[in-house]
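Modelling step: build the complete structure from the supplied sequences, incorporating the hints.
2 protein chains.
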Amino acid sequence: MSWLLDESHLADLSRGATLLGTGGGGDPYIGRLLVAEAIKEHGPITVLDPDEVDDDLFVIPTAMMGAPTVMVEKIPRGTEPVLALRTLEAHLGRTAQATMPIECGGLNSMIPLLVAARAGLPIIDADGMGRAFPELQMETFSVYGVHASPMVVAGDRHETVIVDTGDDDVRMERLSRACAIQFGGAALIAEYAMTGADVKRVAIPRTLSLGIGAGRAIREAREEHRDPFAALAEFFAGTIYQNVRPLFRGKVSDVERRTVGGFTRGGCTVAGFDGGELELRFQNEHLLALRDGEPVCVVPDLICVLDDTSAEPITTESLRYGQRVVVLGISTPPIMRTPEALAVFGPAAFGLEQPFVPVEELVSERFSEPVAV
Amino acid sequence: MSWLLDESHLADLSRGATLLGTGGGGDPYIGRLLVAEAIKEHGPITVLDPDEVDDDLFVIPTAMMGAPTVMVEKIPRGTEPVLALRTLEAHLGRTAQATMPIECGGLNSMIPLLVAARAGLPIIDADGMGRAFPELQMETFSVYGVHASPMVVAGDRHETVIVDTGDDDVRMERLSRACAIQFGGAALIAEYAMTGADVKRVAIPRTLSLGIGAGRAIREAREEHRDPFAALAEFFAGTIYQNVRPLFRGKVSDVERRTVGGFTRGGCTVAGFDGGELELRFQNEHLLALRDGEPVCVVPDLICVLDDTSAEPITTESLRYGQRVVVLGISTPPIMRTPEALAVFGPAAFGLEQPFVPVEELVSERFSEPVAV
Chain X
1 MSWLLDESHL ADLSRGATLL GTGGGGDPYI GRLLVAEAIK EHGPITVLDP DEVDDDLFVI
61 PTAMMGAPTV MVEKIPRGTE PVLALRTLEA HLGRTAQATM PIECGGLNSM IPLLVAARAG
121 LPIIDADGMG RAFPELQMET FSVYGVHASP MVVAGDRHET VIVDTGDDDV RMERLSRACA
181 IQFGGAALIA EYAMTGADVK RVAIPRTLSL GIGAGRAIRE AREEHRDPFA ALAEFFAGTI
241 YQNVRPLFRG KVSDVERRTV GGFTRGGCTV AGFDGGELEL RFQNEHLLAL RDGEPVCVVP
301 DLICVLDDTS AEPITTESLR YGQRVVVLGI STPPIMRTPE ALAVFGPAAF GLEQPFVPVE
361 ELVSERFSEP VAV
Chain R
1 MSWLLDESHL ADLSRGATLL GTGGGGDPYI GRLLVAEAIK EHGPITVLDP DEVDDDLFVI
61 PTAMMGAPTV MVEKIPRGTE PVLALRTLEA HLGRTAQATM PIECGGLNSM IPLLVAARAG
121 LPIIDADGMG RAFPELQMET FSVYGVHASP MVVAGDRHET VIVDTGDDDV RMERLSRACA
181 IQFGGAALIA EYAMTGADVK RVAIPRTLSL GIGAGRAIRE AREEHRDPFA ALAEFFAGTI
241 YQNVRPLFRG KVSDVERRTV GGFTRGGCTV AGFDGGELEL RFQNEHLLAL RDGEPVCVVP
301 DLICVLDDTS AEPITTESLR YGQRVVVLGI STPPIMRTPE ALAVFGPAAF GLEQPFVPVE
361 ELVSERFSEP VAV
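Protein chains in written order, with UniProt numbering: chain X, 1 to 373; chain R, 1 to 373.
Hints were generated in silico from the structure; no laboratory data involved.
Heads up, a few of these hints could be off.
If several chains are the same, the list does not tell them apart, and a pair holds so long as it fits within one copy or across any two.
[What the hints assert, rightly or not] Taking lysine to any residue pairs in the SDA-like style, the calculated list, with each CA pair at most 25 Å apart, reads:
1) Lys-251 with Arg-265
2) Lys-74 with Asp-168
3) Lys-74 with Gly-166
4) Lys-251 with Glu-279
This is the structure:
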C-alpha cells in the first residue's frame with residue numbers, strides 16, 4: 001500500500017539509515033535538512049510499495065556519490081540531483097514516473113526523497129544495496145541484469161556528464177568516480193533507469209520503511225527506558241534482515257582513516273571492557289570485523305558501530321578515540337547472499353581473503369542471552 | 001576552393017604535422033596508417049576552404065586526447081572517433097555536415113581525416129590551435145566564444161561520456177581528462193560543434209594545407225639536395241606563420257620526461273656544437289626555449305626540434321640523448337597573439353613567468369644570414 005512520508009519520519013529515517021549505512025553512506029544530517037525544506041515547500045512524498053507498482057512504470061533512481069568525509073563538508077545546492085534526473089530523462093527521451101534509492105544507508109536514503117519532493121514524483125520503497133556500499137556497481141540491480149548506463153553525474157556548478165559503458169558497471173563506476181573527484185570529491189547522480197517489472201525482480205524491497213523502523217525502534221526504546229539493542233534485535237527479527245548479533249563492546253582505541261581515490265579507507269580498533277579487541281576494516285563502509293583475530297562479521301552482512309548507551313549509530317568518519325561503543329552484526333537478506341551477489345559485493349570484491357560466512361553462523365550469541373553486550 | 005586529399009598527401013602531412021606539433025600532438029604514424037586504410041576503403045577526402053563554407057554548415061570537430069607517450073603505444077581501434085561524432089550528433093539531434101581538426105599538430109592532423117573518410121564527410125582546412133597544445137580549452141574556438149560543451153569522450157571499448165560544462169572550457173578539460181585517464185590515458189573526442197559562420201570567425205585558416213606544405217618543403221629540399229631549413233623558412237614566409245628563426249644547433253645532452261596527470265611533462269638540454277646551451281621545457285608540447293638562460297622563443301610561438309641533417313621533426317617523447325638537432329622558432333599568426341588568446345595559451349597559462357615576446361623580436365637572425373645554423 002502506498003503511504004505519505006512527511007517531516008515527522010525524517011529523524012527516525014536519519015538514525016536508521018545511518019545504522020544501515022554500516023559506517024558509510026555519508027551522514028544523513030545535511031540531506032535531512034534539505035528534504036525537510038523540500039517537504040515544507042512541496043508537501044509530503046508518496047511512497048510506493050515495490051510489489052504494487054505497475055510493471056511498465058518508468059523509474060530513475062537518484063543518489064549522491066563520493067567520499068563520506070567529503071559529503072559531510074561539501075553541502076549540495078539541492079538542485080543537482082533533480083538536474084541529474086532531468087538530464088537522464090532528456091537523454092533517454094522518457095519522463096520518470098518515480099524515483100528510488102540506490103542504497104538505503106546514510107545520505108542516500110535522503111537524496112531520492114529530495115528529488116521526489118522537488119520533482120513531484122513518488123518514491124519506491126526499495127533499493128539496490130540493502131545497506132551502503134562504496135562503489136556503484138555493487139547493486140543487486142547490476143547483479144540481476146539491470147545496468148547503470150546511461151548514467152548522469154552532476155556537479156554543483158550544474159555541469160553534467162552522461163556516462164555510457166553498456167553492460168560494464170565496473171567501468172561505469174571508474175568513469176563516474178573520476179568525474180566525482182573532479183567535482184570536488186562528491187557528485188549527484190541518476191542511474192539504473194528501469195521499469196516497475198525490473199524493480200520487483202532486482203530491488204531489495206521495503207528498505208526505506210526498514211530504515212524508518214530501525215530508527216523508531218531505537219528512539220522508542222530510549223523514550224521507554226528499554227534496552228535499545230534488544231529493541232533493534234526484536235525489530236529486525238520481523239524483517240528480511242532477521243538476525244542481529246552482538247559482536248563486541250568496548251572503547252575505540254585506534255582509528256586510521258584516509259581519503260584516497262575518492263574513498264574513505266582505513267580501520268579501527270576497539271578495546272574490550274572485559275579484555276580482547278575487535279578490529280574493523282572499512283572502505284567508506286565497514287567490511288570486516290575480526291574479534292581477537294577471528295572473523296565475526298563479513299561484508300555484505302552489516303557491521304554497525306553504535307554508542308554504547310544511546311545506541312546512536314556512528315559513521316566511519318565520526319569514529320574517535322575513546323568512544324564507548326557496541327558493535328552489532330546484522331544478517332542481509334537472501335537476495336544479497338547468492339553467489340552472483342557475493343561475486344559483486346562479497347569479501348573478494350574488496351580484496352579480502354576471508355570467505356563470506358553468514359553472521360548468524362559465525363556468532364551464536366543472541367540478545368536473549370545477555371552475554372556479550 | 002575545395003580539393004581532394006588522397007594517400008599521396010599523407011607522408012608530407014605527417015612530417016609537417018609533427019613539425020607543427022612543436023614536440024607534442026602525438027606521433028602521427030599510427031594515425032597515418034589508419035587514414036591510408038580508410039582512404040583505400042572509402043576513397044579520397046574532400047577538403048573545404050574555410051572562407052568558402054556556407055554560414056549554416058554544421059561542423060563537429062574530432063580529435064584524440066591524452067599523453068603523447070600513451071598515444072604512440074595505445075593504438076586506437078579506428079572506430080572510436082566516428083562513435084564520438086555519432087554520439088554527439090544524437091545528443092544534439094543534428095547531423096554533422098563536416099568535421100574539422102581542433103589542432104593541426106601531430107596525430108590530431110590525422111584523426112579528423114579518419115572520421116571524414118569513414119563517415120563520408122568533408123573536412124575543413126582549419127583548426128583551433130594553429131599548432132598542438134596540451135589542454136582542450138587552449139583553442140581559438142574557446143577564446144573567441146565557441147565553447148566545447150557538450151563534448152563526447154569515447155574509449156576503445158566503445159564507452160562514451162558526454163560532458164556538458166556550459167561555457168567553462170577549463171572545467172570541460174578537467175572532466176574529460178579524468179575520463180581519458182580512466183580510458184587508459186588516451187581517448188577519442190568530438191567537441192566544439194559550430195557553424196560555418198563560426199569557423200570563419202574563430203578558426204585558424206588553412207592549417208591542414210600548411211602541414212602538407214611544410215612537410216613537402218622538407219621532402220623536396222632533401223630530394224633536390226637543398227638546405228631543408230632554408231626551404232622551410234621560405235615556405236613559411238608565404239603563410240600567416242611568416243617568420244622562421246634559427247634558435248640553436250647542438251646535441252641533446254639531457255632529457256627529463258614523466259607521464260603525470262595525463263600529460264607528458266619535462267625538459268631537455270641541447271649542448272651547442274660551438275658552446276652554450278639551449279634549455280627546452282615542455283608539457284606534451286615545447287613551451288619555452290632558453291638560450292644560455294635567455295628566452296628565445298615562448299609559447300604560443302612554435303619551438304621545433306629537427307634532425308640536424310634530414311630536418312625530420314622530433315617529438316618530445318622521441319627525444320634521446322645524443323641526437324644532433326636544429327631548433328627552430330616559428331611565429332604564430334595574429335589571431336593567436338591577442339591578449340585574449342595569450343590569456344588562454346600564453347606562457348602564464350602554463351605557469352611560466354616569462355612574458356610573451358614574439359620570436360621575431362627575440363631573435364634577429366634569419367636564414368638568409370647563415371649565422372646560427
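Hints and how they fare:
1. Lys-251 with Arg-265: within (20 Å within a copy, 49 Å between copies)
2. Lys-74 with Asp-168: This pair counts as between: shortest inter-copy Cα distance 21 Å, intra-copy 29 Å.
3. Lys-74 with Gly-166: Between. Shortest inter-copy distance 22 Å satisfies the 25 Å Cα cut-off; intra-copy 31 Å does not.
4. Lys-251 with Glu-279: Within one copy only: 12 Å inside a chain, 60 Å across chains, cut-off 25 Å.
When each numbered hint is compared with the structure, no violation occurs for any of them.
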